[in-house]
Amino acid sequence: MESVECIVVGGGLAGLSAAYGLAQAGVEVMVLERGDYSGAKNVTGGRLYVKPIRRFYPELWEEAPFERPIARELVTMMSGGRQTTIEIASERFTAEQPQSYSVVRAKLDQYLADKVTEAGAMVVPNMKVDELLRKEGRIIGIRAGDDEIGAQVVVVAEGVLRLLSSEAGLAPEPQAKHHALGYKEIIELPQGVIEDRWHLNPGEGAAQLFMGECTRGMMGGAFLYTNRDSISLGMVVGMEDIRSRRDGTESWQLLDEFKELPAVRPLVAGGTVAEYSAHAIPEGGISQVPKLFGDGYVVAGDTAGLSLNAMITVRGMDFAIASGYFAAEAVKAAKAAGDFSAAGLASYEQALRDSFVLKDLETARAIPGVMENPRLFTHYPDAVGRLLESIWTVDDEPQAGHVKKAWKAARRDFMSLATVKDAWSMRKI
Amino acid sequence: MPMKIDAKLGLDVFKLDKEPHIVIDTEVCAKVCKDEACVYVCPADLYERDDQGRMTVNWEGGLECGTCMICCAHRALSWQYPRGQFGVQYRMS
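Residue numbers (the numbering used here), protein chains in the order written: chain A, 1 to 429; chain B, 1001 to 1093.
Quick caveat, the hints were computed from the structure, so don't treat them as lab data.
The beta carbon of each residue, even a glycine, is placed where N, CA and C say it ideally should be.
Be a bit skeptical, because a hint or two may be false.
Unchecked claim - Computed footprint of chain B on chain A, listed as stretches where at least three residues anywhere in the stretch have a Cβ under 8 angstroms from a Cβ of chain B:
hint	region
1	38 to 52
2	98 to 106
3	124 to 134
4	150 to 164
5	229 to 242
6	273 to 282
Please model the complete structure; the sequences and the hints are all you need to start from.
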């Protein structure tokens, strides 16, 4: 059996990040990517928080093909024909080094794959791995079709579905209750139109999240990210919610419905749909992070469940890149010690625990449970909209004072045992 | 008018294999399944019953999201990624 020092399964962000660090250190590394190119099978909502990862490989981010630095953040609550939008724009979001960018994976991942190749690793496209080879409890390589390749260590960065790692017994199969479905359209719009529509300075971008009736009350919401000359417009829906629904709702219809809303139509007007994509998203939080290393392997990125939907901030790609970085560090240390056993690779998990990756997931431990509360997606967007609408309403009756109106609405919609319970459940988020 | 889902899929680049990457155990669908989760969860609208009531999948339009596999409580789907060189190839997602 042909053999290399390190095989990376999956040429996405986690795998490429690991390969880059390893290649730079002179480790013999081969990245196996099933797509025609890196990014061909990947989908993002689309935003990368780059601030947490700038310190890893700083040279990579200077010239990376990002779309737009996100200067404006919007959250829109929708119900009963009302939209309430909270908008925050801060110079700090984009000053000197922007905290986040909209991204297109086909561009970003290909750029990184090229950098990895320049650094000396081999990135092999069109190569689907069919099996992680095990011998006496140790991962010893991979099988692709009839070919087997041995490795001292395998970085498992195969993505969210864990087809290989679950088969090899390294991680459980993905479960509906811990995953969401994300799907989106890329809609082309001229740069100037994007900047006018979202009140942006030239080159800057906006991110807009929508919650409430756009998911018919299901866990999830809609999202919109402005790219250079397109927008990513899509939905995220909890898999358990959509699969257990019994009213005939089909997931793909939600996006069409959303686009037809009077509040959304002007945002997409004149645009040309150019691509339609979908992907599963790990949403189980830290309680669903599997064992991260063992004899001859480490697990990184979505395969390790490293993502965090905190409703306002949605992260995953920064965790993928960070986990790839730490995977490379651990493999380098293992090589130096000549020990690729679990003991030799254990520094990987410790590094993740000491970093923002597992710390932020730990902080957010309670969020997946809180998001199972349907009132978050039905009652509250509705209640906020009704309260504000009552204040802004002038009809043909004598008007109560603003405070009295607000008080009345608040008593009706917020002062109940259910709300107290909800507030209590949210105390840790 | 919203764009038809077929038209949306028509925008994507697919490289078709000869063999399907999703195979349905229609026995299970016929005898056990009452919820038809695949029909409702699939973002590409690929699942439907044929004239004889057998569940079918237009696997050629698969977006490889895996949602049907995760959501089928009856394990009626044998689901693999398409072989290398095949399947959807996203250009701008």
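Evaluation of the provided hints:
1. 38 to 52: Since three or more residues must qualify, the claim that chain B covers the region 38 to 52 of chain A holds, with 6 doing so at under 8 angstroms.
2. 98 to 106: Result for this restraint: holds, n = 3.
3. 124 to 134: holds (count 4)
4. 150 to 164: holds (count 3)
5. 229 to 242: holds (count 4)
6. 273 to 282: Since three or more residues must qualify, the claim that chain B covers the region 273 to 282 of chain A holds, with 8 doing so at under 8 angstroms.
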